[in-house]
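> In order, the protein sequence lines correspond to chains A and B. Under the working numbering, the first residue of the first sequence is numbered 1, with each subsequent residue one higher. Under the working numbering, the first residue of the second sequence is numbered 1, with each subsequent residue one higher.
Hint data in this document are derived by calculation from the structure and do not stem from the laboratory. Glycine included, each C-beta is placed from N, C-alpha and C at the ideal position. Warning: the hint list may mix true and false statements.
To be verified - Some, not all, of what chain A presents toward chain B, calculated at C-beta under 7 angstroms:
1. Pro108
2. Thr198
3. Thr239
4. Pro240
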Amino acid sequence: MPTASIVVPAYNVADTLPATLDSLLKQTFRDFEILLVDDGSTDNTLRIAEGFGDPRLRIISQANRGLAGARNTGIHAARGAFIGLCDSDDLWHPAKLARHVSHLRSRPDVGVSYSGSAMIDGAGQPLGLSQRPRLRSVTAAHIFRRNPVGNGSAAVIRRAALDSVAWRPTGEYRRNWWFDETFRQSEDIEFWLRMALTTDWRFEGVTGDLTLYRINSGGLSASVARQYDAWQHMVDKLTPLAPAFFAQHAGAAQSYQLRYLCRRAISDGDAETAATLARQALDASLRPLWEEPVKSSVTLAAAVTLNLLGASRFANLRAVLRGSSTAA
Amino acid sequence: MTHKTIVHLVDDTNAGGVTRMLDYIQTAPGMAEIGQHEVLVVQRGRFSAPDVTADTIVSHLSVSWRNLPMLIALRARYAGQTLIHVEHSYTEVFTASHVRNQRRFKALLRTAYSLFDHVVAVSEAQGNWMLQRTLVRAEALKVIPSCVDLAPFLELEPVYGRPRIIGAIGRFDAQKGFDILIEAFRATSNPDLRLRLIGDGADRALLEALAEGDSRISFAGYQADPAAAMATLDAVAMPSRWEAYGLVALEARAAGRPLLVSPVDGLKDHAAQGARVVSGGTLESWQASLEQLAAIGPAMHIETARARAAARASMGATQSLWKELLSSSDATSEDALPAAA
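Let the sequences and hints guide you as you build the complete structure.
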C-alpha cells in the first residue's frame, strides 16, 4: 500500500492536465499513488490521462458530481495514510509531498499540513505573487477569517483526520462524503472549518511556496453574488455546530470575505461591484482594517481609484505600479 | 480476596454523570466485591494532597492547571499506592470547540495523565482519541464505559410501535444541543409528534423562546427519577455537541427506546450498539431523522432490541472491567514505585 495518495479531480482540463500530472509524477518522495477522478469530462481529459501509462496513476471515471463529489470519490478510493489534494490546473513543487509527509510523520497531532503557493498565469508563467499564509498556531477563527490553507492544491491531510469528518447522507449508498457535495462553491472553506470546529486535529503549514496555483483572469466577478451566497450558506449550515463561535467571529469573517470578493472585482475592472463590496465590507466589520491595515487600505484605495479612473486607465496604472515594484 | 479500600476523589458534586456513576460504584453489589469504596470531596485548586488511607486512589478530579499541583502532590505523597484517573470531561470535540491553545492544553493532559498508573477512558471513542493524540501511553490506558443502575430501565416495556413522544433529557446547556433539536422539530410537519424536554439549566429561557408558538413542544422540568421520566417517552434524541460517554443514551437503550444520536465522541459507542446516527449536525439532517423516526419500520425495531441487549450486558461488563483493573493494580503498584520516585 502506498504511503501517500494524491487526489486529482478533473473536469474538462485537457489543456492543463499534462503539466499537473507531470509535476506530481516528478515528486522526490516516490511511494505514492495518484487518483485521477474524471468527473464526466466531455473533452479529451480521460484520453490524455490514460496516455500517461504510469502504474502509480489510477483513473476513475464518474458521471459529473462537481468538485466536491470528484474529490470524495478519490478520497474513497485512496489507500495512503496521507492524502494530498491537487486541482487539475495547478502544479506541485517536486519536494512538496516529501515535505508534507515528513511534517505529518514528525507531528502526530497535526491533521492538515499545507504550504504557501506561488501564482502562475494561464500559460504557466510565474506572476511574481505568492500566497504566504499563517503557518503556526492556527485556530478555527483564523480559518474562518483568512483560510490559511488557501487553495485546493495546498494541503496534504492525514487519513484519520479526514475520516473524523466523514458522513453518509441519506440517499447516498455508494460511499461516504467528506466534502459536502451540495456546495458548488465554498466547499473548501466549509470542509476546513467543519474539521476545525468538530475535531482537534491541528492545522499547520510548512515553509516555502510548494504549490503553483494558476490564476485565470476574467469573468470572475460575474459570479461574485453566487460566491457570496455560497459562503453565507456555509455559515448558516455550520452555525448550529458552534453558535457561540459564529456569534463572535461571523462579522469579521464576513468583512474579510467581502474584501476578498472586492479584490477579485478590482482585478476584473468591475468598478461598480468593487465599490459596493468595499462598502459592505466596512459595514460588516472594521477588524480587517486594524488586523491587516496595509492590505485593507490598499483594497479600499484601489476600489476608489478604479471608480475614478475607469477600468482601462486603472489597468494601465496597475501595470506601471507592478513594473516599478518588481524593479524595486 | 483481601478487603481493599478504594478512595474516590471528586471536586465536582453537582448532579451529573460523575455523581451518578459514583453512586453506582458505591451501591452496586459487583463493585462491593472488589473492596470498600469511599468518596472524598476535595477542594479544587488546593496545593497539597488530601489525607487518604487507601490501597488504591481513584481520581475523578478535573484536570486543569489549577489542579495540577494537587495531582503532583498526590503522586509524590502516595508513591507506593496505585493511582487511577477517570477522565469524565475531556473529549475530541470539547477540545476542538473550547480550547484556544491546543498545544498547551495537550501538554497539560499529558503531564497530568503521566502521574497515574492507569487512566480510564469512559468510552471507546474517548480512549481512541487519547491514544491517537498520544495523550496517554497505551499500557496505562483502560476503557471502562460508565454505568448506572439500569434495573429500573430494563423493567420498562420497550417501544416497538411508532413513536409519538420524542424526549430529550439533560442539562439545558449548549453542550446538549437541544437548540438544534427544537429548531429541527419545529420544521417537522407531523401534527401528532410531540417533543418533551426534561431537565433544567442556564439555557432554559433561550430554549423556551425557541419553542415559543409550537404547541407540540413541552418542558417537563427536572425529574428526580430518571426511569419514571423515561417511561413517559417513546423515543430519545441526543443532539449533543460533545459527550464523554452519554449516560442518557445508555438508559434510553436499556429502556428499549429508539435513540437518535449525533456521531460525536462517546455517542459513537452507542451508535455502534444500536443507536441511530444523525450525521452532519445540520438542522436539515435532524429534521429528516425525526420525520423518519415517526415512520419507523422493522429495521429500527431490530436495532432497538439489539441496543437494549447490549445495554443489559454493559452493566456486568463495567463491573468486571473495574474488578480486573483494581485487582491487577496489586501487581502494578510495585512496578509503579521506581517510576514515581
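> Each of the hints needs a verdict: does it hold here or not?
Hint-by-hint comparison with the structure:
Satisfaction of the interface hint for Pro108/A is found here, the shortest Cβ-Cβ separation to chain B being roughly 6 angstroms, below the 7 angstroms cut-off. Interface restraint check: Thr198/A against chain B, minimum CB-CB distance 6 angstroms, threshold 7 angstroms, status holds. Interface restraint check: Thr239/A against chain B, minimum CB-CB distance 9 angstroms, threshold 7 angstroms, status violated. The closest approach between the C-beta of Pro240/A and any C-beta of chain B is roughly 5 angstroms, which is under the 7 angstroms cut-off, so the hint is satisfied.
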